[in-house]
Each structure stands twice: as structure tokens, then as C-alpha cells.
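Chains as they are written, first to last, in this note's numbering: chain A, 5 to 214; chain B, 19 to 319; chain C, 5 to 480.
Please keep in mind that the hints were generated in silico from the structure rather than gathered at the bench. It should be emphasised that the depicted structure is a prediction, and the values quoted were computed from it without experimental measurement. Certain hints may be false.
Here's a subset of chain A near chain B, in silico, CB distances under 8 Å, partners left out [what the hints assert, rightly or not]:
1) D7
2) I11
3) T14
4) M15
5) L18
6) I22
7) N94
8) F95
9) L98
10) T102
11) I109
12) T123
Ideal placement from N, C-alpha and C gives every residue a C-beta, glycine not left out.
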Amino acid sequence: MIDILLITLTMSLLYMSIANRLATYLRILVMQGLILFGTTFLTLTDLNTLNLLLIMLETLGFKAIAVPWFMNYIIKKNHITRETEPYLPNFISLLIVTVILVSAIILSSFIEEEFLDKTFFVVAFSTIFSGLYLIVSRKKIITHVIGYIVIENGVFVLSLAVGNEMPMLVNLGIMLDIFATVLILGIFFNKIGDVIKDPDVNLLSNLKDN
Amino acid sequence: MISLIIILLTSLFFMGIVVRTKSIASGRKGPGIFQPMYDIFRLFKKGTVYSKTTSFIFKLAPTAYLASVLMAILMVPHGNSPGLISFNGDFVMFAYTLAFGKFLLIISALDTGSSFEGMGASREALYSMLVEPALFILMGSFALFTGQTSFQGIFSLLHFGSDISYLLGALATAVFVMMAMIENSRMPFDDPKTHLELTMVHEVMILDNSGFDLGLIQYTTHLKFAMYGALIANLFIGQLPLTFSIPLFFVIQVLFAIAVGIIESFRARFRMGHNPQYIFILSSVALLLFFGILLITGKFF
Amino acid sequence: MIVLFLIASILISCGLFINRNEFVRYLLVGLFLVLLWGFAVYECFHLNQTEFGFFKTDSLGLLLLLALCVVALPALFHSFRYLEVHNTDETPHSKGLFFGAMVLLITACSVAYLSNHIAVTWIFVEITTLSASTLIYHHRNIRALEGVWKYVFICAISITFIYVGILFLSLSMKRAGIEDMSFTSLYSNRMKLDPYWLKFSFLFIFTGFTAKLGLVPMYTAGIDAKDKAPAPAGALLSSILMNLGFVGLYRVYAILAQTPYQSWANNIMIISGLLSIFVAAVYMTRITNIKRMFAYSSIEHMGLVVLGLSVGGIGTYAAILHILLHTFVKPALFFQYNQIYWVYQSKSIHDVGSYFKYNKTGAIVILLAFISATAMPPSGLFVSEFMIFQSLFEAHHLPMLLVVLLLLTFVMWGFGSNIFKLLFTPPTTIDETKIPRISPWESLSQYLLLGLSVYMAYNPPTALVQLINDAVGLIQ
Numbered sequence: 005m006i007d008i009l010l011i012t013l014t015m016s017l018l019y020m021s022i023a024n025r026l027a028t029y030l031r032i033l034v035m036q037g038l039i040l041f042g043t044t045f046l047t048l049t050d051l052n053t054l055n056l057l058l059i060m061l062e063t064l065g066f067k068a069i070a071v072p073w074f075m076n077y078i079i080k081k082n083h084i085t086r087e088t089e090p091y092l093p094n095f096i097s098l099l100i101v102t103v104i105l106v107s108a109i110i111l112s113s114f115i116e117e118e119f120l121d122k123t124f125f126v127v128a129f130s131t132i133f134s135g136l137y138l139i140v141s142r143k144k145i146i147t148h149v150i151g152y153i154v155i156e157n158g159v160f161v162l163s164l165a166v167g168n169e170m171p172m173l174v175n176l177g178i179m180l181d182i183f184a185t186v187l188i189l190g191i192f193f194n195k196i197g198d199v200i201k202d203p204d205v206n207l208l209s210n211l212k213d214n
Numbered sequence: 019m020i021s022l023i024i025i026l027l028t029s030l031f032f033m034g035i036v037v038r039t040k041s042i043a044s045g046r047k048g049p050g051i052f053q054p055m056y057d058i059f060r061l062f063k064k065g066t067v068y069s070k071t072t073s074f075i076f077k078l079a080p081t082a083y084l085a086s087v088l089m090a091i092l093m094v095p096h097g098n099s100p101g102l103i104s105f106n107g108d109f110v111m112f113a114y115t116l117a118f119g120k121f122l123l124i125i126s127a128l129d130t131g132s133s134f135e136g137m138g139a140s141r142e143a144l145y146s147m148l149v150e151p152a153l154f155i156l157m158g159s160f161a162l163f164t165g166q167t168s169f170q171g172i173f174s175l176l177h178f179g180s181d182i183s184y185l186l187g188a189l190a191t192a193v194f195v196m197m198a199m200i201e202n203s204r205m206p207f208d209d210p211k212t213h214l215e216l217t218m219v220h221e222v223m224i225l226d227n228s229g230f231d232l233g234l235i236q237y238t239t240h241l242k243f244a245m246y247g248a249l250i251a252n253l254f255i256g257q258l259p260l261t262f263s264i265p266l267f268f269v270i271q272v273l274f275a276i277a278v279g280i281i282e283s284f285r286a287r288f289r290m291g292h293n294p295q296y297i298f299i300l301s302s303v304a305l306l307l308f309f310g311i312l313l314i315t316g317k318f319f
Numbered sequence: 005m006i007v008l009f010l011i012a013s014i015l016i017s018c019g020l021f022i023n024r025n026e027f028v029r030y031l032l033v034g035l036f037l038v039l040l041w042g043f044a045v046y047e048c049f050h051l052n053q054t055e056f057g058f059f060k061t062d063s064l065g066l067l068l069l070l071a072l073c074v075v076a077l078p079a080l081f082h083s084f085r086y087l088e089v090h091n092t093d094e095t096p097h098s099k100g101l102f103f104g105a106m107v108l109l110i111t112a113c114s115v116a117y118l119s120n121h122i123a124v125t126w127i128f129v130e131i132t133t134l135s136a137s138t139l140i141y142h143h144r145n146i147r148a149l150e151g152v153w154k155y156v157f158i159c160a161i162s163i164t165f166i167y168v169g170i171l172f173l174s175l176s177m178k179r180a181g182i183e184d185m186s187f188t189s190l191y192s193n194r195m196k197l198d199p200y201w202l203k204f205s206f207l208f209i210f211t212g213f214t215a216k217l218g219l220v221p222m223y224t225a226g227i228d229a230k231d232k233a234p235a236p237a238g239a240l241l242s243s244i245l246m247n248l249g250f251v252g253l254y255r256v257y258a259i260l261a262q263t264p265y266q267s268w269a270n271n272i273m274i275i276s277g278l279l280s281i282f283v284a285a286v287y288m289t290r291i292t293n294i295k296r297m298f299a300y301s302s303i304e305h306m307g308l309v310v311l312g313l314s315v316g317g318i319g320t321y322a323a324i325l326h327i328l329l330h331t332f333v334k335p336a337l338f339f340q341y342n343q344i345y346w347v348y349q350s351k352s353i354h355d356v357g358s359y360f361k362y363n364k365t366g367a368i369v370i371l372l373a374f375i376s377a378t379a380m381p382p383s384g385l386f387v388s389e390f391m392i393f394q395s396l397f398e399a400h401h402l403p404m405l406l407v408v409l410l411l412l413t414f415v416m417w418g419f420g421s422n423i424f425k426l427l428f429t430p431p432t433t434i435d436e437t438k439i440p441r442i443s444p445w446e447s448l449s450q451y452l453l454l455g456l457s458v459y460m461a462y463n464p465p466t467a468l469v470q471l472i473n474d475a476v477g478l479i480q
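Please put together the full structure from these sequences, using the hints given.
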């Protein structure tokens with residue numbers, strides 16, 4: 005069942021690469037949060053109940069509910085247009101994400117490690133690099149933040165792989181999530197809307213070395 | 019032999035169910051189940067008009083198209099009993115026979131000398147090219163799963179045990195359905211009803227065909243649908259005895275036709291420029307399927 | 005004691021956040037400085053003791069803590085002066101925010117120097133990102149917003165990288181069956197760790213720490229940060245925050261030291277160091293913003309430090325000495341920058357000139373700081389840079405040494421042409437009546453810092469040498 009959920013997570017990445025609207029991105033983030041919620045429940049069986057409950061609450065509450073809702077609020081408040089504005093056509097994005105997926109599979113086959121379930125590795129790598137690609141290939145600042153959240157989801161999957169032996173690491177990962185989201189979204193994006201009227205990343209190139 | 023007979027039988031009513039479903043979904047009663055066949059018979063009785071710019075290819079293509087699809091059907095097995103043509107690696111020949119038929123249709127469209135038809139032909143060629151990896155990767159993954167390389171061997175040994183194989187079965191069904199929609203140029207990739215430059219893919223290729231040839235081409239579409247339905251049914255039949263497998267086959271075909279009708283009624287056509295990525299995503303999903311099968315068979319470590 | 009210090013400082017910074025009264029602010033900052041010095045002196049007497057398993061006062065940490073104490077004094081003093089002079093759009097709220105963030109930054113850095121566990125270092129690096137971004141956003145205009153956005157984003161990605169590195173480290177520990185992830189246990193078990201995952205983890209942790217340390221590939225965060233932050237905050241970002249990156253890197257590198265994979269780690273650090281010096285050389289020759297020039301000079305120094313660290317031999321000693329002296333020299337430049345801005349009201353090199361005419365003491369500071377920052381004798385940095393070159397020569401890395409010397413020449417040229425324009429050439433347009441008179445006492449702290457760096461280099465007290473040798477012993 006875990007493998008099914010993880011494969012669905014990877015499929016959501018493929019869909020994300022061809023999506024045209026910001027609303028689709030947010031829906032995919034919600035779906036990824038729910039998938040991670042289910043995966044946490046099924047993987048971390050060795051943890052004590054309180055810790056497990058906390059982690060599951062965080063995945064559900066934060067990743068699936070709070071963050072997408074907050075981003076929706078920001079999009080509405082700053083009147084951000086609905087298009088995702090990629091630099092490359094969507095077809096090439098799909099090709100690149102497929103190539104990332106295949107390379108993640110090939111890379112993982114080189115790892116000889118009995119302690120680790122390799123699916124976690126493949127899914128984590130492909131999610132992290134797809135998130136990185138999303139950041140690089142889109143113009144809008146809000147898609148940068150969405151790409152960062154996708155990277156965080158990938159890192160969370162990776163932490164689940166070792167989570168049973170070291171629950172502290174999963175907690176650290178959640179802290180990373182909360183910190184980065186609060187910092188990036190909560191404090192600054194609110195302000196960006198007030199100061200910059202058009203959330204286009206081209207405006208962030210004023211700081212040059214001239 | 020059995021598969022040929024039941025596929026031919028299915029082709030008689032398949033399109034009728036699709037049209038009926040679409041009508042009911044729009045609130046109408048709709049024509050009878052065999053109405054599309056009556057339309058084809060009517061076309062058979064008409065005379066054909068050949069343009070002066072065309073050559074023998076234009077006359078040859080529809081017949082060759084029908085012949086190629088029929089030969090492809092000969093290779094489709096039904097559960098345990100193989101098709102009339104069955105050898106190791108026959109699914110490759112299957113794909114290439116279909117491609118041969120499509121190639122002839124494409125060059126016959128170019129033969130008419132109309133740039134309009136050429137445009138349709140190029141779009142059709144692109145979409146077939148993008149969906150072909152999906153078929154090969156899918157069949158390849160199943161071959162990896164079962165260890166066999168012929169259609170009959172693969173489908174007879176295919177069984178679903180663990181959880182993940184159910185997911186893969188569902189994914190494979192979805193990919194096959196979408197492949198059928200693409201190959202037959204149905205919604206949401208192409209609208210068979212509109213005849214506008216912005217929206218046509220397959221219809222524009224056959225604009226100049228008339229009479230008997232048009233009837234042949236339309237019947238071939240029915241056959242192709244029945245063929246893909248047979249492939250999907252094979253995923254579920256496995257090793258069942260004939261008394262169970264034949265009714266199951268028909269049930270699956272009817273369900274497939276209803277599904278096609280529902281998809282056509284409720285999805286709008288994709289923007290033409292976005293079609294390539296929606297088609298290619300099938301190949302990516304097929305890759306994921308391949309990875310999943312690697313996981314199951316334990317060949318990944 | 006560490007926990008006490010942490011709690012007290014957090015309380016003080018909360019107090020500074022909410023306080024509006026000027027006098028109370030002076031009081032709280034003074035209290036914090038007393039607390040800081042008390043903490044540092046306490047740790048002097050508790051060398052090499054572990055607290056709670058998470059904190060350990062080893063020699064490198066203590067050294068950098070003392071350097072932080074020395075720099076924190078003028079930093080806070082100049083912050084007060086800066087906010088007084090820049091009084092146009094300062095509200096008590098923004099002043100409180102500024103000082104609260106400064107105190108938080110200093111606290112996080114000082115506690116992180118003494119951490120014995122990589123996760124603790126990681127948490128405090130996050131806290132420094134938070135406080136540094138508050139400092140950068142102090143002016144609340146669009147350029148500051150741009151700088152803080154870039155800084156936060158790149159630091160968030162680097163933090164994620166460090167986290168992934170920690171995950172891989174735990175994997176390599178799982179193979180060996182070790183549970184405790186503190187540095188002491190890692191050092192004692194370094195040969196048992198699984199090499200494959202250890203190398204991966206070092207790669208990721210190194211990449212993550214380059215954002216704080218100011219190396220390729222993540223140095224871009226620091227440049228914008230130091231450019232946009234007010235100069236006293238920029239001074240702290242340039243000195244103690246880079247030291248934090250160095251401490252993190254040093255401790256993780258020490259896990260790999262004396263294992264067969266040390267040469268692999270050395271190669272990575274050499275590549276990064278060389279590229280950093282190259283980047284600094286390229287930008288220094290065409291830069292017009294004075295503050296950014298100082299920031300790129302920091303990058304160049306960090307590149308040299310990492311080169312020295314990776315080459316080994318006397319290079320490790322030189323790297324630690326270099327980073328210590330850099331902590332004194334770079335803030336001097338930043339503190340003096342405030343006065344430059346007061347005189348010319350502009351950051352660009354085109355609008356400045358004839359600084360000797362308008363601010364003699366300040367101009368002499370600039371001259372001395374230029375000599376120090378480019379490591380010409382008799383500055384303190386000359387000693388450590390010379391030792392780094394010596395170590396490169398002894399390790400038979402001659403082509404690399406030549407490349408580094410060539411690049412440093414470019415850096416010196418870029419730095420020099422800008423500084424000489426500032427000092428000696430007349431400015432293009434300037435209204436002489438608008439220039440404020442700057443008291444020479446403003447430059448006192450910078451003279452003291454520069455003098456300290458010279459003293460530490462040429463006549464180091466034996467305690468200092470002993471501490472550095474202890475720190476080197478961790479690796480060799």
C-alpha cells in the first residue's frame with residue numbers, strides 16, 4: 005500500500021509539470037499532503053503513539069490544509085493572475101520531469117543498501133529535483149514557493165525512510181517545514197504583495213552588480 | 019479463432035453503444051444500437067468519387083488499412099487460446115502492422131494534394147508517434163512481469179495478487195483506454211463532429227474519401243475500438259474457462275463502450291497545442307508502471 | 005550555563021522587541037553585553053566540558069566565541085549611532101525590532117559555536133536566518149525586500165540540503181549500529197561509519213553550509229544580505245555568521261579527517277574554494293557598489309580559508325588564524341562604511357572621492373583596512389595568508405598556488421582601484437556644504453579592531469596559540 009501511495013505521489017509530479025493554472029498546483033499540493041499523511045501512518049509503526057499523532061497532525065494540518073489555504077489567500081489578496089507562466093513549453097517540462105524520474109530510478113539501482121526501501125529513495129529524489137526544476141523554470145514568485153514546498157515534501161519522504169530508527173529526525177524535518185513555511189509565506193509574502201504590485205520574478209533583478 | 023469471432027461480433031455493436039451513451043448523457047433517447055452499422059451499409063451501396071490529383075495510393079489505402087487492422091486482430095489472444103498468429107515478440111508486429119495501416123492512410127491524405135488534409139495527416143502522425151512508447155513500455159512491463167514475450171503467453175500468465183498489482187492493473191487499463199481514444203481520434207484529443215481547421219485531426223484526413231472507401235474506414239474505426247477492448251478484457255480474463263471468459267469479455271466491451279461514451283460526453287476537447295503533453299503523459303505513466311513492476315518482481319534491487 | 009544564557013538572551017531580545025523606551029533599550033543591551041562576556045569568561049574556565057550532551061566547549065568554539073564578544077561591542081555601539089543619525093524614518097518599533105534581532109543573532113551564533121550535535125547546529129542556523137532576515141528588512145523598501153527574499157529563499161534551500169545531509173549521516177550510522185549523533189560519538193566512531201553514505205552526507209552538508217560561509221555555490225545569499233542590511237548588521241553577518249558556517253563545516257570535516265575519504269573531501273573543498281576566489285576576482289573588477297565590494301572581499305577570504313583547510317599541514321592552523329583575524333578586520337570596514345555613507349549619501353563608487361578632505365581619521369581607517377583586507381604586510385591577515393600559501397607550496401600544489409596568486413592580484417586591483425578612487429580622486433559632483441562633520445571618535449573602534457588583528461598575528465598570546473593548536477588537533 006505504501007508503494008501505491010508513493011507511486012501516486014510521483015504521478016502527481018508528472019501532472020504538475022504540465023498544469024497551466026495556479027489552482028491546479030494548489031490542488032496537487034493538497035493531494036500530496038494527503039498522500040504523505042497516509043504514508044506516515046503506514047510507515048512509522050515503531051513510534052510511540054503521541055509522536056506519531058503529532059507527525060500525522062502536522063502532515064494533514066500543515067501540508068494538506070493550512071499551506072494551500074494560505075497560498076490561496078495570498079493569490080486572491082495580491083490579484084495574482086491564474087497562469088503559471090513557464091519559461092519552457094509544457095511539453096518540454098513533461099519530458100524533463102520524465103527524464104528526472106528515469107534518472108532517479110537508475111541512480112537508485114546503483115545503491116546497495118538492505119536497510120532502505122528503495123521506493124522511498126526514488127520518490128524522494130524525483131520529488132526534490134522536480135521541485136527544483138519547478139523553481140527554475142517558472143517566472144512567478146509564488147511558483148517558487150510552491151516548488152519549495154514540493155522539495156520539502158520530497159525531503160519528508162526521505163526522512164520517513166529512516167524515521168523508524170530515528171524519530172527525532174522526522175520531528176526535525178517537520179520543524180524545517182514549519183519554519184520555512186512560516187518564514188517564507190507568512191512574513192514575507194504578505195509584505196511582497198504590499199510593496200511589489202506585480203509578483204513577477206523579473207522585478208527581483210534590480211539587485212545587480214552594476 | 020475464438021478471439022477473431024468475438025471481436026468481429028463486438029465491432030458490430032460497439033459504436034452503437036457509444037453513440038447511445040452519449041445521447042442518453044445529453045438527455046436524448048438516441049438511435050438504435052446497430053444504427054452505425056446501417057450507416058456503413060448505406061455507404062457501401064454508394065458510388066465512390068476519386069479526385070484527378072490522386073493516384074493508386076488513394077484507391078489502395080482504405081482497403082489496406084482495413085486489412086492491416088484485421089491482421090492485427092488475428093494476433094490478439096483471448097485468455098488461454100492464442101490468436102491465429104502467435105509467436106514470440108508478436109506484440110511488436112502488432113504495433114507495426116497498425117502503424118503500417120496508419121502510414122498508408124497518412125500518405126493517401128497527402129496524396130490528395132490538399133494542404134488541409136496534409137495538416138491533419140501531420141497531426142495524426144505526431145499523436146501516434148507520441149503514444150507509441152506507451153504501448154511498448156506497457157507490453158514490455160507485462161512481459162517482464164510474466165516472463166513471456168508473446169501476447170498469448172503474457173496475458174495467460176497475468177494475474178493480480180498483491181496490492182500493488184491491482185494498482186498497476188488499474189493504471190494499465192486507464193492507459194489502454196486513453197490509447198484507444200488517441201488512436202481512434204476521439205475526444206478529448208480530437209472532436210469527430212467538428213470539421214473546422216482548428217479542431218480536426220482524423221476527420222480531416224478522410225475528407226476526400228467517399229462511398230465504399232469511407233464505409234471501410236469507418237468500419238475499421240469500429241474494429242480498432244473492439245480490438246483495444248479485447249486487449250483490455252485480456253487483462254482480466256487470465257486463465258478462466260471459456261464459459262466464463264466469453265460473457266466476461268462482452269461485459270467488459272460494453273463497459274468500455276459506455277466509458278468511452280461518458281468520457282466523450284463529459285470532457286471538453288483539449289487545446290490543440292496542449293495535446294502533445296497530454297499524450298506524452300501516457301508514456302510517462304507507462305514508465306512509472308514499468309518501475310512498479312520492477313518493484314514487484316524484485317528485479318529492482 | 006548555556007541554557008541559562010540562552011533563556012536570558014531570549015528574554016532580553018523579547019524585551020527589546022516590545023520595548024519603546026530609549027533608556028530601557030540602552031539598559032537591556034548593556035545587560036546583554038554583560039551577560040555575553042560573563043558567559044564567555046565562564047566558558048574559558050570550562051574548556052572541553054560537555055553540557056547536556058548537546059553542547060561542548062571545545063577550543064575552536066571558545067576561540068570564535070571570544071572573537072564574537074570582541075566584535076559584538078562595537079557592533080551594538082555603532083547600531084545605536086546608526087539609528088540616531090538615520091533618524092528620519094525610525095520608529096521605536098523598528099528600533100526595537102532591530103536590536104531584538106541583533107541580540108538574537110549574536111545569541112544564536114554564540115550558542116551554536118559550542119554545539120556538540122549537528123542537529124543543534126542546524127536549529128541555530130535556522131534561527132540565525134530568521135534574525136538576519138529581520139535585520140536585512142530593516143528599511144522596508146523594495147530593494148530591501150528583494151534582498152531579504154533572495155536571502156530567505158536561498159537559506160531555506162541550503163537548510164534543506166543540510167537536513168538531507170543529516171539524514172544521510174544517520175543512514176551511515178545505521179550501518180555501523182551507532183545511535184548517538186553527537187560530534188564526540190561521531191569522532192570516536194569515524195572509522196566504522198559507512199563510507200558511501202558518509203560521502204553523500206558530507207557533500208550535502210557542505211553545499212548547505214556554503215550559504216552561511218559564503219562559498220560557491222550558495223554565496224549569492226550573503227552578497228545581497230550584506231548589501232541591503234544596515235552596516236552594523238552587515239558587519240555581524242560578515243564576521244560571526246561566516247564563522248558559524250566555518251564551525252559547522254569544520255566539525256563535519258573533522259568526521260572525515262583521518263579516514264581514507266579525507267582526500268575526496270579535500271577535493272570538493274578545493275574546487276569550491278578556487279571557484280569562490282575566481283568569482284570574487286571576476287566581480288571585484290567591475291563592481292561599483294562599495295558595500296557589495298566588501299561582501300565579495302569576504303567571499304575571497306573564505307575561499308582562501310577553505311583552501312587552507314583542505315590542503316592540511318600548516319594550512320589548518322592558518323585557516324583558523326585567518327578566520328579569526330578576518331572577524332576583526334571586516335567589521336572595521338563595515339563600521340567605517342557608515343561614515344562614508346553619511347558624507348556622500350550614496351553607495352556607488354562614482355559619487356565618492358577625496359575622502360581625506362572630509363574625514364581624515366576615517367580615511368586613514370580605510371587605508372589601513374584596505375591594507376589588511378588585501379593582506380599586505382604589516383597587516384595581520386598577511387601572516388595567515390602567507391601561511392596558507394606556504395601550506396599550498398608544501399603540499400606541492402604549485403599550479404593551484406599560481407592560479408590563486410593571479411586571482412588575488414585581480415582582487416587586489418579591483419579593491420585597490422575603488423579604494424583609491426574613494427580616498428584620493430576628487431568626486432564628480434558633491435555639494436560641500438551638505439557634508440556633516442564627523443567626529444574622529446567614531447573611528448576609534450575600527451582602529452582598535454585593526455590594531456587587535458595586527459597584534460594577534462604578530463605577537464599572539466600563548467593561550468591563543470594553544471587554543472588554535474587544540475582546534476587543529478581535532479583534524480590532525
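The hints, checked one at a time:
no.: 1; hint: D7; verdict: holds, 5 Å
no.: 2; hint: I11; verdict: holds, 6 Å
no.: 3; hint: T14; verdict: holds, 6 Å
no.: 4; hint: M15; verdict: holds, 6 Å
no.: 5; hint: L18; verdict: holds, 5 Å
no.: 6; hint: I22; verdict: holds, 4 Å
no.: 7; hint: N94; verdict: holds, 5 Å
no.: 8; hint: F95; verdict: holds, 4 Å
no.: 9; hint: L98; verdict: holds, 5 Å
no.: 10; hint: T102; verdict: holds, 4 Å
no.: 11; hint: I109; verdict: holds, 6 Å
no.: 12; hint: T123; verdict: holds, 6 Å
Of the numbered hints given earlier, the model fails none.
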